[in-house]
Structures are given as C-alpha cells and as structure tokens.
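Chains as they are written, first to last, in my numbering: chain U, 4 to 414; chain L, -4 to 236.
Hint data in this document are derived by calculation from the structure and do not stem from the laboratory. All C-beta atoms, glycine included, are put in the ideal place defined by N, C-alpha and C. Among the hints, erroneous ones may be present.
Residues from chain U that face chain L, not an exhaustive set, calculated with beta carbons under 7 Å [what the hints assert, rightly or not]:
id	residue
1	24
2	25
3	326
4	330
5	334
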Amino acid sequence: MKSYFIELKEGVLISLRAIQANKMRAILTTLGIIIGIVAVTTMSTAIVGLRQAFINSISSFGSDVLYVDKFDWLGRVDFRTMRNRKNITYEQYEKLRATLTSYAAMAPNLRTASKTIKYNEKSTTSTLIYGTNEDFMKTSNLVPAKGRFLNELDVKAARKVCIIGTDIADALFPREDPINKDIRVGDIPMKVIGVLEKQGSGLFGDFSPDGQIIMPLKTFESSMGSFRSNLRIDIKVIDPNRMDEAKDEVIAIMRALRKVPVDKPNDFAVNQQEAFKEMYDSTVGVVGIAGLVITALALFVGSIGIMNIMFVSVTERTKEIGVRKAIGAKTWSILTQFLSEAIIICLMGGIIGLMISFPLSLIINQFLPTAMPLDIVLISLLISAFVGVLSGFLPAYKASKLDPVEALRYE
Amino acid sequence: MDNIITIEHIAKIYQVGTEEVHALADVSLTIDRNEYVAIMGPSGSGKSTLMNILGCLDTPTKGVYDFKSVSVSDMNDNELAQIRNKEIGFVFQTFNLLPRSDALHNVELPLIYAGVHSSERKDRAREALTHVGLEDRMHHRPNELSGGQRQRVAIARALVTNPSIILADEPTGNLDTKTGEDIMALFHEIHQKGNTIILVTHEEYIAEHAARILRIRDGLIEKDEEVVNRRIPVKNNSSFL
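This is chain U alone, in the form it adopts within the complex:
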C-alpha cells in the first residue's frame, strides 16, 4: 500500500513534468475540456435558475391547497367554454364550507390587477389585489412581517383595511412605519394593518408577489369597481397525502351545488400547484435536459482530443516506458502514470472552466434567481476526472502493455 503511494506520487510528478514540457500542447488540449465544462456548468446553472424562477412564481400557490375555479389553469379546456361557464358564487362557497367534511382553511377570493396606490404625494402600482377572508393567510402562506393579517371581524364588517406587499411598503413608506397609515387603493381610502414578508421575484417579474394588496372580500366587492365577480375558493387540506380524496369530495359537492347533470363534465376546475410543476417538467424541463445533453457533447469532443494527445504522448515516450519497465515499473505503474497525466489535464481544464463559468453564472443571476450550485461545481470536477480516466485509459493501457524489449529498441 505504501509503495503504491510512492509510485502514484512519481506518476503525478512525471505527468506534471510532461505537461510542463509541452505547455502549448497541454493548453490546446485542455481548451476542449474548458469549453465543455463551461458549456455544461453554465447550461445547468441556467436550467436550475429557470426552474427555480418558475417555482418561485408558483410558490404563492401552496402544494397542499386545492383551487376551485371556473378556469382550468393549464388550459386543458377550451377557453371560450370556460369563459361561458357560470361564475362560482358566494352561496356555493358558503355551502361548500358547510358540507366539506374536513379542511384546514378555506378562503374565497376575488382578484384584480394594477391599481394605483397613493400615500400623500407618493404613488406606486400594485400587481395584484385580493379580496378574501382571514383563512387566506393559511391557504396562501402569506405571513405579515409587520402588523397583522385580516381577522374575522375585518371580514364580517367589511372594514376598509388592507395588508400590503413589501414593494408597495418600500415605495410609499421609505422612512415611515406603514402600519395604521391611510393609503388610497384606486380612489378608495384604506388603512394599512400589515406588511407581508418579502417573497422575492418569480419568473414573471410583473406579477411579483411583493406588489400585492389583500383586503376583506366584501370591501373588495364594494370598492374595486363593478364587474361580475368570479369567485375562486382556495382550500387547504389537513393531510397533504390525502389530496386526491379531498379533491374528489370537493368535486362531488361542487357538481351537486352547481347541478351538473351526471353525464356532463365538470363546469369548474379544481386546480393544484403540482400540475404546474408537471407541466413545466414535461415541457421546459425536457428542453433543458436536451440542451444539457447537447452541451455534454462539447465535453465529449474535448475528451476525444485528450485521448488523441495521450496516444501521441505514449508513442513519443515509448523509449521512456521501455526504460521504466526495464528497471522495474510494473504494468500498473505505467498505467497510473499515463492515467494521472490525462486526469491532471482534464482537472486543470475543469478548474479553469469553472473559473470562467462562475462569473458567467453571476451574469445569469441578474436574470434568474440562481447561483452556481456547489453540487454542479463538484459534479463538473468529477466529470473532468472521469473524462480523464475515460480518455486516458486506452492510451495508458496501450503504454502499460508495451513489450519492454520492443520499447527499448524504439527510436
């Protein structure tokens, strides 16, 4: 074992010397690996970032929440058909709440976009305004960082109070505490009772969850303009493992409430966050993996370059191999020597590649919420070493099997 390390050290040392003696060749060979590693790491950073951005943008939808809506979010039903469906009404919500056997929280809600929000001279634009009840805090996982969320009394009395996102708070109250301040949502005066925790931006910057405003449902209905309200009912289940059972029960109750004939399909949809992820992974995700495979080809081409140069190196050093064998190098001593040369070249390529792709990942981070993950760093170094073994093995094996008599005679 000890002698193994002594020979391994010699193998590494002699590889370094060989690389040093052919600097230009080593640089050019390494270039193939550098390009490959840069392509693979940058691509996977982008893919991870894209997926993270997507997950961020759907994170306002809880994974244990069912969303009963007239619209199917994945558009699996023709849009006009969905638009012509009857709205989900407040009565249906009340009956569903009374009938459904178990749920953790149930929040009916109405939404509208883009209103101008003012406080004294300052103004900003909201991304999304919700009218809902006190359960919405649980169904949406939106927690007030300051102040409080809606309570039952706010909802029942239709108080003119609201909770605002951090973007709005920052824009209107750069140096003040927003709590108990009166702002105008559209033209309606409202008292701020809470500020939400910062959520971070998603894939669709326009719909930043930090730009939203939440108010009681009745307040919303009376103040946000006269449009035909299509209610959505968000139901947080008690046991996430029994989502499907809960979903079936909700569907059965809703069909009864909406008097859907037995032979007709649902005239509403029960949406889930999971469906988005599945859709993402089966579309963008597949494209991403294909992209990764294509960039991996660059690495493969690089490894062919290494293999080629290793064969050259073995041929050039035939005599040296003969000498080493004559004075006692065993088969695996020679194998180790040439394998370590290939691995060192590849690892150098990997490290230089990472030094290039790290700044690239910082640039990508300007557009997507990602940083080069540590596992990609480790994996790409492992890949480099593996490419080294792969491309170095055949030449090293050839070298190790050389006949010492033939090799010594080689000029």
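Put chain L on the given structure of chain U with help from the hints.
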C-alpha cells in the same frame, strides 16, 4: 561459488510471417557470483536475445531459466518486473536516462518502483552517485552532462538497488575510447567489490576486460573461454568527465 544464473537448453523462436526464426537454438550456461562475463557475437547471432532473456526482459520459448534457484521461465510480466527491479541493474549503450529528470531522480527511479521511502531513496541515490564520482552533478539533467557522465549516472542507477547482476549492453558503444576506458575502469572497480557483471559487446578489446567470454553464433554458444590476458583498465584523471 554461488550460482546465480542457470540456463538449460533454452531456445527463443520468433514467428516472422510463416517462417520460424530461431534467434536462440539451444543454449545452456551457468554464471556464478562475482563472475565478469562478456557475451560476444556478430549482429544477428542471438546475443541480444540472450541478453534480453538473461535480463528477464523476455522469456524463452523453450528451456529452463533459474535465477538464484527460482524459475523465471514462466513468470508473468509483473513478476519479471519485480525480478528486474530487485536483482538486475541495466546499463545501456544509449544511457536511457529520463531527459526531464536530474541525475539524482534518475538514480532514484528503481527505488521508487521498489517502494523505498523518499528520504532513504535520496540518501541511497546520493551514495550511488558519489560512488561513480558525480557528487557535484546530482542536480544536472542528462543534457547538461557529458556522455561519460551520463553513463556514470546510468551505472549509479544500476547499482543503487544492490542487484545480483549488472547487465551492460555495449556500455562504451556511444563513447570515445578514452571515456570508454574510464567506464571500463568503473566496471572493473565494481567487479572488484564483489558484483557480478555481464557485458554484451561486439568489440574484442572491450570483451577482454572480462574474465570469461561467451561467443555466440547462429543462436548457439560457439565458445566459452577464460580470458588469459585480462585487460586491466587504467583509470584516467577523470576531472574532465
């Protein structure tokens, strides 16, 4: 005297196309400890083949080869490598030093493959280099050394493992006469200290330094003779080496 090499009826047959070439037809010989043997013969006589087999670089097609009473005839590559490493010190015509390594590292090399630890290795390599008179050239690379100095490094490399035999293949072939004489003086000295030397050469003049000459022709030992008037080399003042 102790017997180091015993060869009985060995043959080496190469297949060249459809023809069989008998590089060695039928050779038997023994070499004892502290012998100084020269193997002579014209090119194509089979002396290189015999040397390769004696040096455990190659195995015979037929026959028995016992090295210190251990049969090497059917050892595998790695076992042969170990025998070469421990028991045989090679000196080549073209020196065969590693060009990118200094003298010290070249001499260390067999010890690396013997698994000797770094500090002991360096001590022994320094000792061997001092022995051949190169104590002030340890960190020179082969291209910074003269031919004679290179061959001395090679001899130090051959000696450093304390092998049972030194196998020298035309050690003076690439050197001028004067330097060659110095190298032969070194071999003489090594032999005097109790080492066994096998010298392969085609020069009568060089072969006469040995105590025994084996003349090979057509794959057979033509003559196995004692040297009556051995040449005792004169050691030059080697300051210019």
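Against the structure, the hints come out as follows:
no.: 1; hint: 24; result: holds (6 Å)
no.: 2; hint: 25; result: violated (11 Å)
no.: 3; hint: 326; result: holds (4 Å)
no.: 4; hint: 330; result: holds (5 Å)
no.: 5; hint: 334; result: holds (6 Å)
Violation of the numbered hints given earlier is confined to hint 2; every other hint is satisfied by the structure.
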